[in-house]
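The listed protein sequences derive, respectively, from chains A and B. Position 277 of the first sequence, counted from 1, bears residue number 276 in numbering that gives the first Met the number 0, the numbering being contiguous throughout. Position 280 of the second sequence, counted from 1, bears residue number 279 in numbering that gives the first Met the number 0, the numbering being contiguous throughout.
Just so you know, the hints here were simulated from the structure itself, not pulled from any lab data. Be a bit skeptical, because a hint or two may be false.
Sample of chain A residues at the chain B side, in silico, Cβ under 10 Å [what the hints assert, rightly or not]:
{"hint": "1", "residue": "A65"}
{"hint": "2", "residue": "V129"}
{"hint": "3", "residue": "V135"}
{"hint": "4", "residue": "I292"}
{"hint": "5", "residue": "L296"}
Idealized CB from N, CA, C, for every residue including glycine.
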Amino acid sequence: MSATTATPPLTPDQRRRRPVRAGGGTRPGQRGAARWIIPLGPALFLLLAFFAGPILWTVWASFTNAALTGAQAAQTEFIGLANFERLLADPRFASATILTIVFLLGSGVVGQTVLGLTLALLLQNRHALVRGAVGVIVVGAWVVPEVVAGFVWYAFLEREGSLNAVLGFGGVESQNWLFTAPMLAVILANVWKGTAFSMMTYAAGLSEVPSDLKEAARVDGASGFQVLFHVVLPLIRRTIATTLLLVTLQTVQVFTLIYVMTSGGPGSRSTTLPLLMYEQALQLGDLGYGTAIALALLLVAGLFSLVYVRMLGTEAKR
Amino acid sequence: MTTAVAVPTETSRTAGTRARRRQRRRPSRHPDRPRMSVAGILAWGAGLLFFFPVLWMFTTGFKQEAEASTDPPTFLFLPTLDQYRAVLGRDFVPYLLNSLTASVLSTVLAIVLAVPAAYALSLAKIPRWRDSLFFFISTKLLPPVAMILPLYVLATNLGVLDNVTALAMIYTAMNAPLAVWMIRSFLAELPKAVLEAARVDGATWSVEIRSVILPMIAPGIAATALICFIFAWNEFFFAVSLTATQAATVPVFLVGFITGEGLFWARLSAASTMAALPVILAGWSAQRWLVRGLSLGAVK
Chain A
0 MSATTATPPL TPDQRRRRPV RAGGGTRPGQ RGAARWIIPL GPALFLLLAF FAGPILWTVW
60 ASFTNAALTG AQAAQTEFIG LANFERLLAD PRFASATILT IVFLLGSGVV GQTVLGLTLA
120 LLLQNRHALV RGAVGVIVVG AWVVPEVVAG FVWYAFLERE GSLNAVLGFG GVESQNWLFT
180 APMLAVILAN VWKGTAFSMM TYAAGLSEVP SDLKEAARVD GASGFQVLFH VVLPLIRRTI
240 ATTLLLVTLQ TVQVFTLIYV MTSGGPGSRS TTLPLLMYEQ ALQLGDLGYG TAIALALLLV
300 AGLFSLVYVR MLGTEAKR
Chain B
0 MTTAVAVPTE TSRTAGTRAR RRQRRRPSRH PDRPRMSVAG ILAWGAGLLF FFPVLWMFTT
60 GFKQEAEAST DPPTFLFLPT LDQYRAVLGR DFVPYLLNSL TASVLSTVLA IVLAVPAAYA
120 LSLAKIPRWR DSLFFFISTK LLPPVAMILP LYVLATNLGV LDNVTALAMI YTAMNAPLAV
180 WMIRSFLAEL PKAVLEAARV DGATWSVEIR SVILPMIAPG IAATALICFI FAWNEFFFAV
240 SLTATQAATV PVFLVGFITG EGLFWARLSA ASTMAALPVI LAGWSAQRWL VRGLSLGAVK
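Generate coordinates for the entire structure from the input sequences, incorporating the hints supplied.
Structure representation (structure tokens):
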């Protein structure tokens, strides 16, 4: 760890001496940073080409009428804020933004966090066999391709699916749940798929909580829930914030699961921002408008991330 | 370290501290037992609930179509390999080869690029190394949907739309940040003295990586490679946007299958099982390191 945490500030004298020592004195021509360009360069170049470049292009394209085909494809013009004005006036964009946030809160924040933390707590101190078995199963769910997960849940929830067979015993009328409650369906599927990740990070966080502290609280007469809320959760708040951040960034991008299960339908009742962007840009060919939607998605992810970072900051100050 | 590798659920703590902890915890365990067993039942129940969809998929793949869509579901049936034969007879193999090419090629490239980069970032005293590191992680956090349009235009202009190698390049870029962060976290655990000794002896960085570092972090590299493979194998969004008939991968094949033959549950299950099997095996092998990989080294 020591190599990666903050390096102590150098005196000017040390700074001058350092590169020479790093070079080992064997190659006098190479100094300091130049030595690291070779190992670092290729990876940096690849990421600049595939990430930094595209993002800049996306920002530029959102101010133009760029299109996949037709006259606008040959002659792209700068149209200022027109795409964003259209975005704000588009009722489908408003609904897609709301659905994205519903999906994020429902499956990412509430579903995966609560279920993942509960599972991690349940498995804590369990026999190695139980932990192993549940771990293997949950990881199996996480690792299955999104396409397969979408298909399995589609089969479970559609009219002839297993859920209706089960509910039939309770007298619930047979229905296609993907039509009746599309958002609930995709949220359930995403919770199933994503809980493994939260569970594993929380389990790792919980294993760092010293058992002496819990025992001390117990001896002082705290109940199980009091120990959980006043001792354990405050101690793993960094893990919670980090996990929430990663889960959020993952969840707002979910495309495949929804595409396979509902294709955004019926109508646009499960069209989240990634699906709307895909439809506008790649199916209808309106690149300019699509990139504006992509930026809106980045904004949503950014705003949520800011909340977690803030949460972490104020917690740490206490 | 070798004993820890054998037990998949253990964290990377040394055997000594683990034993000490266990001893400390033991006295407090007994009084809690009745309440704990309720938790145990809940844990098992949750595990089963999570397992059911996968189990359903796996068993349905061995049914006849008529048995697969009965209401209520059939539980007793004579297993058959008919569906697997049907899927393999339906041009599945080219998709499988595309998936393998894209996943393996991109995994190898990502590791080859990431090892020197992680080495430079964790050991070098380059100015602004922290910035470089955060640049690496920030790319991982951008939604692919924000990147797909320029990549699509780029691929069209270069004439590499529907090309497996181009897809592999994108997967390499997709996995490189993850690989850099993960390998960096393994490097950070190496004893510093060993590395400094190698450097004082005048080894160049490539010799140092090959003869000193690689042997020491080989398990970590293997885990990183498995995780990269899983991500590349499962990737659907770039594949469906950038390929058509020549370079389409297994997930693209499956989606075509679902829309085309939505009612043939048994056959679809057989195809899905084949698509899921490689990554499930990879996931279980790398389970011990998954948390570190997925949280980009933030959680160990």
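Consistency of the hints with the structure:
1. The interface hint given for A65 of chain A holds, since its Cβ lies 8 Å from the closest Cβ of chain B, which is under the 10 Å cut-off.
2. Against a cut-off of 10 Å between C-beta atoms, the interface hint on V129 of chain A holds, since the closest Cβ of chain B lies about 6 Å away.
3. Hint status for V135 of chain A relative to chain B: holds, with the closest Cβ pair at about 6 Å, below 10 Å.
4. Against a cut-off of 10 Å between C-beta atoms, the interface hint on I292 of chain A holds, since the closest Cβ of chain B lies about 8 Å away.
5. This hint holds: L296 of chain A has a C-beta 6 Å from the nearest C-beta of chain B, less than the 10 Å allowed.
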